[in-house]
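Fit chain B to the given chain A structure using the hints.
Those protein sequence lines, which keep their order, are chains A and B. Under our numbering, residue 364 is the last one in the first sequence; the count climbs by one each step, no gaps. Under our numbering, residue 1364 is the last one in the second sequence; the count climbs by one each step, no gaps.
In case anyone wonders, no lab produced these hints; they're calculated from the structure. None of these values were measured; they are calculated from a predicted model. A portion of the hints provided could be inaccurate.
[As the list claims (entries may be wrong)] Below are the SDA-like pairs computed for lysine to any residue, each with C-alpha atoms no more than 20 Å apart in a straight line:
no.	chain 1	residue 1	chain 2	residue 2
1	A	K249	B	R1126
2	A	K211	A	G189
3	A	K251	B	N1114
4	A	K19	A	G139
5	B	K1251	A	N114
6	B	K1019	B	D1136
7	A	K251	B	E1125
8	A	K249	B	E1125
9	B	K1249	A	R126
[As the list claims (entries may be wrong)] Okay, the calculated bits of chain B under chain A, using three or more residues with CB under 8 Å as the criterion:
no.	region
10	1278-1284
11	1294-1302
Where a beta carbon is used, it is the ideal one built from N, C-alpha and C, also for glycine.
2 protein chains.
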Amino acid sequence: MSELLGISKHESFARDVLKTKAYASARPGEALALVEIPRRRLGPHDILIDIHYCGVCHSDIHQSRDEWSGGIFPMVPGHEITGVVAGAGSAVTRFSLGDPVGVGCMVDACRECNPCLDGDEQYCERGPIFTYNSKDRNGAPTYGGYSGQIVVDEDFVLRIPRHLPLDRAAPLLCAGITTYSPLRHWHAGRGQNVAIIGFGGLGHMGVKFAKAMGAHVTVLSRSEQKAADAKKLGADQYFSLNDQSALQKRKNSFHLILNTISAPHDLNGYLDLLRFEGTMVVVGVPPEGSNLNHAKLILQRRNLSGSHIGGLVETQKMLDFCGQNDILSDIELIQIDTINDAYDRVLKGDVRYRFVIDCKPLRQ
Amino acid sequence: MSELLGISKHESFARDVLKTKAYASARPGEALALVEIPRRRLGPHDILIDIHYCGVCHSDIHQSRDEWSGGIFPMVPGHEITGVVAGAGSAVTRFSLGDPVGVGCMVDACRECNPCLDGDEQYCERGPIFTYNSKDRNGAPTYGGYSGQIVVDEDFVLRIPRHLPLDRAAPLLCAGITTYSPLRHWHAGRGQNVAIIGFGGLGHMGVKFAKAMGAHVTVLSRSEQKAADAKKLGADQYFSLNDQSALQKRKNSFHLILNTISAPHDLNGYLDLLRFEGTMVVVGVPPEGSNLNHAKLILQRRNLSGSHIGGLVETQKMLDFCGQNDILSDIELIQIDTINDAYDRVLKGDVRYRFVIDCKPLRQ
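Same shape as in the complex, but just chain A (with noise of 0.2 Å):
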């Protein structure tokens, strides 16, 4: 076991402090170790969270290498957890031990400003206060999910419905609420058609969202081979996206296009199957950007748009949308000490469709 992480900095948090195993990248790109954090004494508003299952986002991997830059190390990432209520402080009201929850990407935000009074904690004027590789009210870095134990105020606990699986839930609170969010805002739903773009860990999510939504589902992705899985989730119809006479064919189809690629592609050829005033949102950064025609655009009044996450009322509603229409994600779930593997898999593509790490070890 490692030193006690950050200790040192923060001596205001380290008596009474509660410690907890986690793996962490050390230095930025490093393997991901076992070591040992420090998690905050219950405040009168906070849950005490023993971490049964915690997914593994591609922004784990952008992050521990950072790749976005400006990086907190020693880092654990970690932002699709799921567990149940070990403690509570003394102000608490929603929530009793035992219950099930789960903390998604963020932990706290100004709470102030116009975005967050409107329940849009995410787009918070002053920045978010995310779940790890940020800093806390107190200016302590926060540590993610690929751990034993967490502390957040009950304001950022969600509720999972009781019959809902852990495991298979955990992916929701990153890879369910940034699919689920815009979809809901731009109205899909019946007479639609919406095209999914990317059938990875958030496109497995957007298929069975829309479905459940009512609309007319189209996959498009890279991989030739997961026409089955994609039709199996729900997707009406489903394509290679380097099938040319396919998506010529499907030119001005679709009122909606959920757009989920980091990596670099051809956003001009997609906003080709945008039928008159249709929508793509993008909810991935590939990081070079993407080149733009606005002629795209103009000529049929189409709309380009962004969506982040969702706000704490909506990520509770997408969980109750899943308790009641039983939507899970479909996972392999993992042991912690396969991290580092599991993070050369993501890169490759190679996972149906998330990968969710099993925390036990890590609260004992």
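What follows is chain B alone, placed relative to chain A:
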């Protein structure tokens, strides 16, 4: 006087065909010169218009130089046409001899598709028939407004409010509707901070419209010399796009940005100026496209959209709005034999703010 263009190809129109003087580019990039062109005999629904004035649009230059390829030559540019009704077909009911009228970018469309039925002929699924550099229903090339007369179906003829001078009204038919339509579509009005990027032929009309609609209007221009003009036309604020500190201060400021620039520009930097859920509408097409950083849309749920001129009903509404609010273009009136020099000056941005051709010599 050169030969009568095109007659040999369209013999059915050769008998009793009208002839008019015009300025044409014989081949891509060739200087415009005097020619004689045919106009079709009046059909029952046609209007014969004596052209008084025609505005000079940057797209006239692109097309006469075939920069968008596929150009039809010889080409007579011009789609900002004002004049007076000089003849009418037997079934014409909406116009009388002597009425002041205008013709914009389109002279017909399929009239059957959904956009046409909704009054959005500019988005006609089969493509509208443009005023020049297009083929009419009989396959004959269309010739634009750098000419003495034109024959147009009455459904594509606009009424110019009688008290508006026809020279300053001409640019309303393209520069006017191109800026009016997106400002209306995206609800520019009281309580809205609207930015107009680019202060040329389009931008100066955008300022007048946005102000008349009640918005708080900021002009962002590459020029550092036009502040006084912008304020005279109604802008509340003006700053140079080279002033990085001014850009920095106005981040997250605007509900709506109308981006009129056709040259390469820093789209990502301008998107930062939009507030949460704000919209930028592009109406210009930089030839190489723009680099788009997806995060600029994602992190504030911003929208990027495009808009293309306007339909017939909306163009008439725009002209009526101009009549009610005394909105006209600021122009430099020129003689047709200086058109090639005028093109050079447009390319240098040396015009305040639109050249308009006096077409009288072409009617004689």
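Consistency of the hints with the structure:
no.: 1; hint: A:K249 / B:R1126; result: 16 Å, holds
no.: 2; hint: A:K211 / A:G189; result: 8 Å, holds
no.: 3; hint: A:K251 / B:N1114; result: 16 Å, holds
no.: 4; hint: A:K19 / A:G139; result: 18 Å, holds
no.: 5; hint: B:K1251 / A:N114; result: 16 Å, holds
no.: 6; hint: B:K1019 / B:D1136; result: 17 Å, holds
no.: 7; hint: A:K251 / B:E1125; result: 12 Å, holds
no.: 8; hint: A:K249 / B:E1125; result: 15 Å, holds
no.: 9; hint: B:K1249 / A:R126; result: 16 Å, holds
no.: 10; hint: 1278-1284; result: holds (count 3)
no.: 11; hint: 1294-1302; result: holds (count 9)
This entry satisfies every hint, going by the numbered hints stated previously.
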